[in-house]
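J.: The primary structure of each chain is shown beneath.
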Amino acid sequence: MTSSGADTNFSNEQMLGFYRDMLRIRRVEEQLGKDSLAGNLPGAVHLYIGQEAVGVGICSQLRDDDWIASNHRGHGHFLAKGGDTKLLVAEVYGRKTGICRGHGGSMHVADFSKGIIGANGIVGAGISITTGAAWAAQLDGNGAVGVAFFGDGAANQGVLCEALNVSTLWKLPVIFVCENNGFSEFSPYSTVTSGSIADRAKPYGAAHETIDGNDLIEVWQCAARAIRRARDGKGPTLIEARTYRHSGHVVGEHTFLSGTYRSEEEVEQKKAGDPIPAFAKRILEAGQASQADLDRIDAEITAEVAEAVAFAEESPYPDPADQGAGYMFA
Amino acid sequence: MATQILMPALSPTMTEGNIAKWHKREGDAVSSGDLLAEIETDKATMELEAVDEGILGRIIASEGTENIAVNTPIAVLLADGEDASAIDAAAAAPEPAPVEAVPEPDAASGPEEAPAAAPTPAPAEPEYTGETQTLTVREALRDAMAEEMRDDDNVFLMGEEVAEYQGAYKVSQGLLEEFGAKRVIDTPITEHGFTGLGVGAAFGGLRPIVEFMTFNFAMQAMDHIINSAAKTLYMSGGQMGAPMVLRGPNGAAAGVAAQHSQCFASWYAHVPGLKVVSPWSGADAKGLLKSAIRDPNPVIVLENEILYGQSFEVPTDPDFVVPIGKAKIERPGADVTITSFSLMMNVVMEAAEALAAEGIDAEVINLRSLRPFDAGTVAESVRKTNRIVNVEEGWAFAGIGSEIAALMMEHAFDYLDAPVKRVCGEDVPMPYAKNLEAMYLPDVAKVVQAAKDVCYA
Numbered sequence: 000m001t002s003s004g005a006d007t008n009f010s011n012e013q014m015l016g017f018y019r020d021m022l023r024i025r026r027v028e029e030q031l032g033k034d035s036l037a038g039n040l041p042g043a044v045h046l047y048i049g050q051e052a053v054g055v056g057i058c059s060q061l062r063d064d065d066w067i068a069s070n071h072r073g074h075g076h077f078l079a080k081g082g083d084t085k086l087l088v089a090e091v092y093g094r095k096t097g098i099c100r101g102h103g104g105s106m107h108v109a110d111f112s113k114g115i116i117g118a119n120g121i122v123g124a125g126i127s128i129t130t131g132a133a134w135a136a137q138l139d140g141n142g143a144v145g146v147a148f149f150g151d152g153a154a155n156q157g158v159l160c161e162a163l164n165v166s167t168l169w170k171l172p173v174i175f176v177c178e179n180n181g182f183s184e185f186s187p188y189s190t191v192t193s194g195s196i197a198d199r200a201k202p203y204g205a206a207h208e209t210i211d212g213n214d215l216i217e218v219w220q221c222a223a224r225a226i227r228r229a230r231d232g233k234g235p236t237l238i239e240a241r242t243y244r245h246s247g248h249v250v251g252e253h254t255f256l257s258g259t260y261r262s263e264e265e266v267e268q269k270k271a272g273d274p275i276p277a278f279a280k281r282i283l284e285a286g287q288a289s290q291a292d293l294d295r296i297d298a299e300i301t302a303e304v305a306e307a308v309a310f311a312e313e314s315p316y317p318d319p320a321d322q323g324a325g326y327m328f329a
Numbered sequence: 000m001a002t003q004i005l006m007p008a009l010s011p012t013m014t015e016g017n018i019a020k021w022h023k024r025e026g027d028a029v030s031s032g033d034l035l036a037e038i039e040t041d042k043a044t045m046e047l048e049a050v051d052e053g054i055l056g057r058i059i060a061s062e063g064t065e066n067i068a069v070n071t072p073i074a075v076l077l078a079d080g081e082d083a084s085a086i087d088a089a090a091a092a093p094e095p096a097p098v099e100a101v102p103e104p105d106a107a108s109g110p111e112e113a114p115a116a117a118p119t120p121a122p123a124e125p126e127y128t129g130e131t132q133t134l135t136v137r138e139a140l141r142d143a144m145a146e147e148m149r150d151d152d153n154v155f156l157m158g159e160e161v162a163e164y165q166g167a168y169k170v171s172q173g174l175l176e177e178f179g180a181k182r183v184i185d186t187p188i189t190e191h192g193f194t195g196l197g198v199g200a201a202f203g204g205l206r207p208i209v210e211f212m213t214f215n216f217a218m219q220a221m222d223h224i225i226n227s228a229a230k231t232l233y234m235s236g237g238q239m240g241a242p243m244v245l246r247g248p249n250g251a252a253a254g255v256a257a258q259h260s261q262c263f264a265s266w267y268a269h270v271p272g273l274k275v276v277s278p279w280s281g282a283d284a285k286g287l288l289k290s291a292i293r294d295p296n297p298v299i300v301l302e303n304e305i306l307y308g309q310s311f312e313v314p315t316d317p318d319f320v321v322p323i324g325k326a327k328i329e330r331p332g333a334d335v336t337i338t339s340f341s342l343m344m345n346v347v348m349e350a351a352e353a354l355a356a357e358g359i360d361a362e363v364i365n366l367r368s369l370r371p372f373d374a375g376t377v378a379e380s381v382r383k384t385n386r387i388v389n390v391e392e393g394w395a396f397a398g399i400g401s402e403i404a405a406l407m408m409e410h411a412f413d414y415l416d417a418p419v420k421r422v423c424g425e426d427v428p429m430p431y432a433k434n435l436e437a438m439y440l441p442d443v444a445k446v447v448q449a450a451k452d453v454c455y456a
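In order, the protein sequences belong to chains A and B.
The numbering of the first sequence is numbering that gives the first Met the number 0, which starts it at 0 and goes up by one.
The numbering of the second sequence is numbering that gives the first Met the number 0, which starts it at 0 and goes up by one.
If you're looking for bench data, these hints aren't it; they were derived computationally from the structure.
Please note that the accuracy of each hint is not assured.
[Unchecked claim] Calculated Cβ distances over 10 Å to all of chain A for the following chain B residues:
#, residue
1, E25
2, S30
3, T119
4, T231
5, K274
6, G332
[Stated by the list, open to error] Below, simulated BS3-like cross-link-like pairs (lysine-lysine); rule was C-alpha separation at most 30 Å, straight line:
#, chain 1, residue 1, chain 2, residue 2
7, B, K23, B, K42
8, B, K181, A, K233
9, B, K420, B, K445
10, A, K170, B, K23
11, A, K270, A, K85
12, A, K280, A, K270
13, B, K181, A, K113
14, B, K20, A, K170
15, A, K170, A, K113
16, B, K433, B, K451
17, B, K451, B, K327
18, A, K95, A, K113
19, B, K181, A, K201
20, A, K113, A, K85
21, B, K181, B, K169
Predicted model only: the values in this text are computed from it and were never measured.
Just so you know, even glycine gets a beta-carbon here, dropped at the ideal spot from N, CA and C.
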């Protein structure tokens, strides 16, 4: 699919919904990035800026009882799957009102009621956990699927092979989404990764696709095929979504690293492929919305983020007296 | 002024003592800290030190005097310049203050000085009076899984060779036939992968029993056991944990050397968020595994390959369970506490017999649960015996025995009449050769010697 021209498959409302969902992630991440640099947060944040089309293109068609697991760069997946902005921001602020009561923080945001079984600070860990959740769904026969989001760095963990093997063998309703953002932490793809990631599905006989992860519609359509395959009992799909990480691996990395692993020129060039302006252009050119509509959404999202920050700032820190055994053992 | 020196209470349980020897004679100058006499009790021999300086004016209880009650005057100390006339005055002085009496732990006052509150033993379990049958540990474990799988459709067994082959050690015998391929599932040899699957399935609402062919291979799965299973309930702010069992043989088998012979008890017991049990008898095995399956938390069940084939009387009532967190006194005794778990219980029970033949009455505690740990039962025993030896296959450093030593320092320090003793695997990887393997492991002789050491026998 090309990135221009009207897409008659989606209503104006749906298109604006995608735009809103991507922009929410963008604005929350920009805010948290600023907060991190200002020293307002207890810990590090890894921003999803530039990759929004992947999370939204996939999660926008998942049900609440479908499972997703993500990685250390997990705010975007959390929001895309319907996680609450306020609860996310309060969690990253380390407040009692956060989705995990300030116990988990940026790298562990989870909302089980929304099928978000967790961002995960261990690279690759979500791959097998999602496969297990998908297995539970298969055993339950409830038609739910599991989606594991991970990066190109995690694709080099052996567990991807373990999960591809067993999920293909058992025809598990799972979708492996590798967001190839070009970097394994501070190492460019080609310095640590051999061949194509999508091709790693081939020897297992698993379905696989490589897509433009910056094109929301292309992501959506690929995900739709994978979800159909999964719900129909035809097993897993490995999707390699090519995208680009606009921010560093972690906010503030240049404050403690010398040298660089990518040129400013490269970053600027890649930013031209930013999925959000591209999607705005598409909507406008197709006449599915006006600039005023987009501006209104931006204003609403900006207000939503400000409200979330105020909520977090006004929230108490976790109460040391509320650290009882209830969190240690069920 | 002349002061009386009294028979000291050198332990909370000491009521009387003998004067084995006087290090000073009448008329000798005494400085604070000088050894005055050697005091003998029924449990130990200890030195009596001078608290004040002066001249030893009179020895009231001569060398060899026996059964002198605590706080009875045994000598009189004169201050510089005093003469013997002061002695009688001192003797007539009413109610001398006790010398160096060791305070009862409960009497300690002030939060800075108070030792940690003595833990109470875990609540007593109901005594089982129902029917039993003779079963191997292997069968007892299988029955535990079968009973719980009949009760709860969400419980299923996964692992290498658990289905068609019925378990590498035949623990899952008959389960595939009864429960079918959806609930007894052979996995590829991929511990990291399938343990992650188990965690995900638990998050997804099922109750997996993950069998490790042996716990040596669970090292590959350590990330998911610790980072995913143990931590998620806390990390998610109480939203969701991992109700699952991770079980399999632990510890040394025979002749399989370093990579297949290791006790992981202290590794898992270290981690908040995990429960860890390690059964010995068939009843332990069945009752603890049933409790583990019912528990809504991740529970590590450390079994033992050599015990699989050993037979015990096992309760047949499907309601029989062994509570997690409760140690069991397998053999009451008065002279020394010996704690252990799993296969080493065989060694310890035999050692207790050997000790009895030599007049030492050992109390044997089968720990059963390593986390939560029944420190109360162990401390209560130590308050009675005043000595403790722990026996485990694992290495001594940072082992279960080390933890017991620390717990007894915290909870029974004033009752200990000897340092806590650890009998452990030798501090090397398990060797292959039969003679070296035997040297590596704790055995009856080592346990007997350790018990004698702490009894100063």
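J.: Next step is simple, just say for each hint if it's right about the structure.
T.: Here is how each hint holds up against the structure:
1. E25: Holds, since 62 Å exceeds 10 Å.
2. S30: The claim stands: S30(B) keeps its Cβ more than 10 Å from every Cβ of chain A (closest is about 50 Å).
3. T119: 16 Å, holds
4. T231: 7 Å, violated
5. K274: 8 Å, violated
6. G332: The assertion about G332(B) holds, with a minimum of 33 Å to chain A.
7. K23(B) <-> K42(B): 24 Å, holds
8. K181(B) <-> K233(A): 17 Å, holds
9. K420(B) <-> K445(B): 11 Å, holds
10. K170(A) <-> K23(B): Between K170(A) and K23(B) the Cα gap is close to 87 Å, so the pair fails against 30 Å, i.e. violated.
11. K270(A) <-> K85(A): Holds, at roughly 28 Å.
12. K280(A) <-> K270(A): Roughly 15 Å separates the two Cα atoms, so the pair holds.
13. K181(B) <-> K113(A): Distance of about 27 Å is within 30 Å: holds.
14. K20(B) <-> K170(A): Violated, at roughly 83 Å.
15. K170(A) <-> K113(A): Holds, at about 24 Å.
16. K433(B) <-> K451(B): 27 Å, holds
17. K451(B) <-> K327(B): Given that 30 Å is the threshold and the Cα spacing comes to 23 Å, the pair holds.
18. K95(A) <-> K113(A): 20 Å, holds
19. K181(B) <-> K201(A): 27 Å, holds
20. K113(A) <-> K85(A): 15 Å, holds
21. K181(B) <-> K169(B): 19 Å, holds
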